[in-house]
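Visitor: Each chain is listed here by its residues.
There are 4 protein chains.
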Amino acid sequence: MRVPSGEHTKQNGVDVGNERRGGDERIPVGVVGTGGMGGMHAYCLHRKVAGARVAAVSDVDADRVGKVAEECGGAAVFGDAVEMIRDGGVEAVVIASPDPTHAELVHECLRLGKPVLCEKPLATSPEEALGIVEAEVEAGRKLVQVGFMRRYDPQHVDVKNVAASGAIGEPVLFKGWHRNARIPAGVDSGWVVINAAIHDLDSARWMLDAEVREVFVRGLNTTGSSVGELDLQLIQLTFADGRLATIEVNVDAGFGYEVGVEVVGASGTAYTAPPSGATVRLDRGFTQKVDGDWLDRFEPAYTIELQEWVRSIESGGPPSPDAWDGYASLVVAGACIASIRSGKPEAVPVPERPGLYAGEATGVTR
Amino acid sequence: MRVPSGEHTKQNGVDVGNERRGGDERIPVGVVGTGGMGGMHAYCLHRKVAGARVAAVSDVDADRVGKVAEECGGAAVFGDAVEMIRDGGVEAVVIASPDPTHAELVHECLRLGKPVLCEKPLATSPEEALGIVEAEVEAGRKLVQVGFMRRYDPQHVDVKNVAASGAIGEPVLFKGWHRNARIPAGVDSGWVVINAAIHDLDSARWMLDAEVREVFVRGLNTTGSSVGELDLQLIQLTFADGRLATIEVNVDAGFGYEVGVEVVGASGTAYTAPPSGATVRLDRGFTQKVDGDWLDRFEPAYTIELQEWVRSIESGGPPSPDAWDGYASLVVAGACIASIRSGKPEAVPVPERPGLYAGEATGVTR
Amino acid sequence: MRVPSGEHTKQNGVDVGNERRGGDERIPVGVVGTGGMGGMHAYCLHRKVAGARVAAVSDVDADRVGKVAEECGGAAVFGDAVEMIRDGGVEAVVIASPDPTHAELVHECLRLGKPVLCEKPLATSPEEALGIVEAEVEAGRKLVQVGFMRRYDPQHVDVKNVAASGAIGEPVLFKGWHRNARIPAGVDSGWVVINAAIHDLDSARWMLDAEVREVFVRGLNTTGSSVGELDLQLIQLTFADGRLATIEVNVDAGFGYEVGVEVVGASGTAYTAPPSGATVRLDRGFTQKVDGDWLDRFEPAYTIELQEWVRSIESGGPPSPDAWDGYASLVVAGACIASIRSGKPEAVPVPERPGLYAGEATGVTR
Amino acid sequence: MRVPSGEHTKQNGVDVGNERRGGDERIPVGVVGTGGMGGMHAYCLHRKVAGARVAAVSDVDADRVGKVAEECGGAAVFGDAVEMIRDGGVEAVVIASPDPTHAELVHECLRLGKPVLCEKPLATSPEEALGIVEAEVEAGRKLVQVGFMRRYDPQHVDVKNVAASGAIGEPVLFKGWHRNARIPAGVDSGWVVINAAIHDLDSARWMLDAEVREVFVRGLNTTGSSVGELDLQLIQLTFADGRLATIEVNVDAGFGYEVGVEVVGASGTAYTAPPSGATVRLDRGFTQKVDGDWLDRFEPAYTIELQEWVRSIESGGPPSPDAWDGYASLVVAGACIASIRSGKPEAVPVPERPGLYAGEATGVTR
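Note that the protein sequences, when read in sequence, are chains X, L, C and G.
Reminder that position 38 of the first sequence reads as 127 in this note's numbering, one-by-one numbering, no gaps.
Reminder that position 155 of the second sequence reads as 244 in this note's numbering, one-by-one numbering, no gaps.
Reminder that position 133 of the third sequence reads as 222 in this note's numbering, one-by-one numbering, no gaps.
Reminder that position 364 of the fourth sequence reads as 453 in this note's numbering, one-by-one numbering, no gaps.
Some hints could be false.
Claimed, not checked - What the simulated footprint calls covered on chain G by chain X, stretch by stretch (three residues with Cβ under 8 Å from a Cβ of chain X suffice, anywhere in the stretch; the number is not a length):
| id | segment |
| --- | --- |
| 1 | 344-351 |
| 2 | 358-372 |
| 3 | 377-384 |
Said to hold, decoys possible - If you only want the chain C side, here are some residues facing chain L, beta carbon under 10 Å, derived:
| id | residue |
| --- | --- |
| 4 | Gly124 |
| 5 | Gly125 |
| 6 | Ala224 |
| 7 | Val226 |
| 8 | Val379 |
| 9 | Arg430 |
| 10 | Ser431 |
To be verified - For each label pair, taking beta carbons as the anchor points, the in silico distance ranges come out as:
| id | chain 1 | residue 1 | chain 2 | residue 2 | range |
| --- | --- | --- | --- | --- | --- |
| 11 | G | Glu403 | L | Ala329 | 47 to 53 Å |
| 12 | X | Glu114 | L | Ser404 | 24 to 30 Å |
| 13 | X | Asp298 | L | Pro273 | 39 to 45 Å |
| 14 | C | Gly124 | G | Asn250 | 24 to 30 Å |
Hints listed in this document are in silico derivations from the structure and should not be mistaken for laboratory results.
These numbers come from a predicted model, not from an experiment.
All C-beta atoms in this analysis are idealised placements derived from N, C-alpha and C, irrespective of residue type, glycine included.
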């Protein structure tokens, strides 16, 4: 049921027709969730993506969704995500609602044949993600893109390109670091893996273009909380062909937000440079500012991710990263959680990749 | 007269109606010139700017203009710029045609009351630019933005923000460097000032928020050509209040394209960091790639420049940098050319700033 | 027996009296081994260390030792290291001969009560190193310094100082990388641990000021040799108090020689900056030169190591890093080799630290 | 007359014999002046230079000179510099007393035929410096080295080597920046030129290996003092062959001490990298520490300068930079002061270089 448009919205769900408006060839997109992440997607779509427009937004928080709708030039407002996805005026969907809702909403999009960009993680368990892979395989068509936005970050893409070019020889080792300023209250070690490390697990797979065979995780509680959850995790990966990765996931790093990768090849290495903000000489130091969070750091990546997603819909090209990437990263994440519990290296049981995904690399070099 | 649409265009000028199409609220823009610079503007408008669309393009080169029109989703094609500017389907104009055409085309836009983004230089002489300022003053309204895109480059904006914040004390010295890989054949010392140094003269004015009082230029021919034109120019500026600037303009630097600025304040300095592409360790070196030209280096700046220009049209806000900036930079450029000829410091005769521009800073801090 | 002085020496063993010469208060040092490493020590002692002089050098290679003796202003020449150590004209000893000779020569110095700076590794096994620790404990006096020169490298010292100052909070994670251009022919995985990784194991102990409890090593042969030895090793350490380390040892990195460390604290991190050689803009890149090997990279560190060693002899202060550091690093190295063989994490059996070493930190903050 | 050795000295002037002591072949050096600069020289000679020893020190401040003598292992103490220079136990001299004393003390050394390292400036006027050049020419022998220590700074040497190698093409432009944290009270514009800018004028001559033909200086008082002296000076140089330089001399920069140079060649550039201290991520920033003053920044350079000076005495090689460099830099400095007064570009009257200096480059590439 459509919610009545509140005082903050100029236009309600009724305005979303089942055909594109007049001569406007832009793809009408519906955005599920209008929190920090969903708000960022809606803002970028409205302001920085040329071939699409925000046709509708949905959220259970009427106040929040109304504000975002207004900022996007009067998008239709829905309280129920499924209803919005089914609306004829919505042709493609961005999912940025809480993690437990992802899988079911993606299935709804698949049933309707609507392209969907789903925030990470694709699901809350490998099994749930496998269900999405199987649904796509059955339909014989890839409609799902997973929100691993680092694959569109110019710095990451630069490193991937160097690695893939052969310039530094065969890539043999991936090194990742991922630091958040502060951990949210009440999260546990598994949350750190599923919500934070999942990005790094995908990066490692993408950069080395291979699947993981073994994981070993050691962690530490650096906050002094009595709970003992591991906000610092040191993850060591071995790939199917013996190549290696080491990842620092550090969700209470204190100083700010920072993400970096280095790919070590047989004859050289390539790594992301520090952010290129102004350097300031002051008070006996040379200082470059560090970003506060991922929305600051990856704003250009989110924009390019959406631009490329819209372009792939226009052109009918396959989305990337795809549901298989969403699934495989969750399988590795599951093994990481097992290793935290067992205190030992754990094997990673990745099944055979279906033919639908076989022709695609795990990553996109742009 | 409209040119017939060639084989490269799906749509010709006839399709440009005098009203916005259907429900499409995007501003229809006409782009004059489809060479490297105009093509870049059209591409960015079409792909990366949400509130506008490329409605028409004009060029005397029918082949080139046709291709750009097609890439922009079938824009209308014109052989004559004035005809396109006058077309009812064009509500705002980007001018990227050869320098000698700028002033007259801007005047045409002013006569029609259409907002215009004109590439630098605004005109080919200070006198011609003053005519535009006077036309705006007479109309009592600012419609002209000048394409000093560095004012929208995130690195430059960062430095400007630090300088304007007071963090480094009063800014007392501007240092700029501007290096092109190769000089085009056949250009002279004046061309280097008017086409290349003009950006740096604007940067200095913007960063220090003041007008120049004196210039002193020494130069060198580094290419060994017998002509003796100065491809390397070292420009020293004194501002009205005694503050200083030094600028290296080096249009045959050989190694690649690089632009940087440093603002020295009374208690610290701020400068643009090197580009943040991947760092590669290879062959006994750590290397970061340098851009090849300004289209590579400033692509994000051109995009933001257009996004902000469109937003200012939507909101009715004043354009920035404005015609006064275009004029004042040409006055300084003229004094630089005089200094090259005389071999001495030369005074810069900047007239009183009209009230229309008085309330505006020379730059925009975003 | 002393070898006769060859044509390359101006002065032979006979000249080494059992008292310091005339009014020369400099400590007469004997250097064992005149290969690359011993030659570097002799050169630095002769040219850059003010309170000592090279009184004698020994090597089985008469030609090589003669040249070094001559370059050091005519030092006495010995073919037999023990004979030189016992000579009355030698008051302190530097050992830079092949690894298997280290322990026995150190014991000889201890028996004579002569201070000794021994290159790493202190011995070829933990058991052999323990014998040295026990000999010092029995003598009740520390005479042995181990050649972990990174503890005197200004960049490493800077990081240690920041970590120890508390500025970045409690240090919780050590990250090290150690890259050689090329691996020598014929070495095996154990050699990589004992000769290369040993430096990093000491760095980790020093930076975190703690002993290691568990190691896990995964490796890779990147050279395509059929032997299968691991020239790339990824070492994960857990310390007694749960803190962590990850080390990349990469002895066939191809591009050059590079060593770096980062200490991650609870609220910030500190890391060694890249070498500060000239940055060159050329050929579409900004490049900094990478060192070719450790003699290039750590020349200043070797000099300071010797200066501080001589100063500690003059002042009677304890040497650092000491025999315990030499021993403990070998215990960790042994566990690393065990982990390579077992494919599993291995516990590290470090015994109780004797009282002689108890009062000393594992590292020196300067 | 020798001062009696105070309580701070173990040994007085009487101990300085007129022959080297016993078998000690080290060169006995006398240091004039024991303030910050002289104390640094004495310390480096005593601790870090192998072929020399501090035989004597002189200063009118008995307390200060006594302390330095004691720290240097009991050097002889003199209250009168000339008496010390004449002492038979002193074979080479370092002059670090106040500027007005330099020329006369250097003449004393020349009369005695003793090698002398004189701090910059060599004299207080070009005329006075010319007297030293003429005295050397008459003696037919170069004994004077001037303390332009940057010529021994590894970072500067790296840049010089790249420039001289031809790798970046013909050097065409020198850029220097020189920033002190705070200006001493009571100094005037001329002092800034003679004491601070003199280093940069020498750097420019050295890097471009040429003499200056014209200077133009504009300056600013950034401290708000009513005196109006120019603590910020922007110096533009033209060389005899038309090549260029720009120098920022900024003696009240506030944030710390920093010196850098860039040489722009016809096909590339080379510049000194920032200091390579630990980088610290903390409080939303990446920060590298800036040095506090020249003694911090150039300590390695001072050490190498002394090592090379001692080596040149041992080998009989010519000192570098020499008296001509000391003289020529003062001629340029004089023209800078004239330009400050006239507000115009000023010609630089450098006379013909005498044959004694003709065979030497203006700089040393090491």
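Visitor: Now tell me if each hint is right for this structure.
Guide: Comparing the hints with the structure gives:
| no. | hint | verdict |
| --- | --- | --- |
| 1 | 344-351 | holds (count 3) |
| 2 | 358-372 | holds (count 4) |
| 3 | 377-384 | holds (count 4) |
| 4 | Gly124 | 23 Å, violated |
| 5 | Gly125 | 19 Å, violated |
| 6 | Ala224 | 44 Å, violated |
| 7 | Val226 | 45 Å, violated |
| 8 | Val379 | 5 Å, holds |
| 9 | Arg430 | 31 Å, violated |
| 10 | Ser431 | 33 Å, violated |
| 11 | G:Glu403 x L:Ala329: 47 to 53 Å | 59 Å, violated |
| 12 | X:Glu114 x L:Ser404: 24 to 30 Å | 25 Å, holds |
| 13 | X:Asp298 x L:Pro273: 39 to 45 Å | 42 Å, holds |
| 14 | C:Gly124 x G:Asn250: 24 to 30 Å | 28 Å, holds |
Against the hints set out earlier in the document, violations occur for numbers 4, 5, 6, 7, 9, 10, 11.
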